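Kindly produce the complete structure, drawing on both the sequences and the hints.
Below, each chain spelled out in residue letters.
Protein chains: 2
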Amino acid sequence: MWLAEVIVNYKIGILDPEAKAIQNALSSMGYEDVEQVVTGKYFQLTFGPKVNKETAENLTKESCDKLLSNPVIQDYSFQLKEVKE
Amino acid sequence: MWLAEVIVNYKIGILDPEAKAIQNALSSMGYEDVEQVVTGKYFQLTFGPKVNKETAENLTKESCDKLLSNPVIQDYSFQLKEVKE
Numbered sequence: 001m002w003l004a005e006v007i008v009n010y011k012i013g014i015l016d017p018e019a020k021a022i023q024n025a026l027s028s029m030g031y032e033d034v035e036q037v038v039t040g041k042y043f044q045l046t047f048g049p050k051v052n053k054e055t056a057e058n059l060t061k062e063s064c065d066k067l068l069s070n071p072v073i074q075d076y077s078f079q080l081k082e083v084k085e
Numbered sequence: 001m002w003l004a005e006v007i008v009n010y011k012i013g014i015l016d017p018e019a020k021a022i023q024n025a026l027s028s029m030g031y032e033d034v035e036q037v038v039t040g041k042y043f044q045l046t047f048g049p050k051v052n053k054e055t056a057e058n059l060t061k062e063s064c065d066k067l068l069s070n071p072v073i074q075d076y077s078f079q080l081k082e083v084k085e
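Chains as they are written, first to last, in this note's numbering: chain A, 1 to 85; chain B, 1 to 85.
I should point out that these hints are in silico values taken from the structure, not numbers from a laboratory.
Just so it is clear, the structure is predicted and the values come from calculations on it, not from any experiment.
Using N, Cα and C, we set each Cβ at its ideal position, and we do this for glycine too.
Keep in mind that the hints are not guaranteed to be accurate.
Claimed, not checked - A short, non-exhaustive set of chain B residues, derived as facing chain A with CB atoms under 10 Å:
1) 5
2) 19
3) 29
4) 33
5) 37
6) 40
7) 46
8) 59
So, in structure tokens, the structure goes:
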């Protein structure tokens with residue numbers, strides 16, 4: 001069976017206030033060596049046993065385009081892994 | 001320089017309503033081959049040039065324990081990557 005691990009995060013130039021807040025919090029906790037923070041969403045999609053790698057790739061792309069990401073302000077990347085049932 | 005990619009997601013047994021909603025939405029869009037959905041948060045922490053791999057690992061663990069995850073209901077995993085400045 002195939003499993004897709006998807007990361008959705010903001011495009012470069014889009015304001016990410018959560019990342020800024022985390023960086024400020026880390027800095028005030030004494031972790032000043034963290035120079036940059038990026039945040040995003042993580043999704044793991046597990047496909048049924050009849051789905052081959054190519055179909056899994058297409059299904060993941062369509063799910064990201066139509067549901068999991070906002071293509072105006074977000075980018076996504078994913079990798080497929082084969083898992084045992 | 002070192003960069004940590006962190007995934008925070010719910011522990012097994014903790015209700016994940018967002019994942020359920022995504023699975024229902026995919027199913028109603030005709031993507032019924034998606035058998036399971038897991039959601040989580042993604043964080044990327046970039047460390048300054050003085051931070052070595054061991055320190056980066058410790059800083060990432062401390063950041064996750066103290067700020068980025070709720071250890072009662074969430075697990076985290078991370079991997080470190082070396083990046084050019």
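- Query: Going back to the hint list, which numbers does this structure go against?
  - Reply: Going through the list in order, the structure violates no hint and respects every one.
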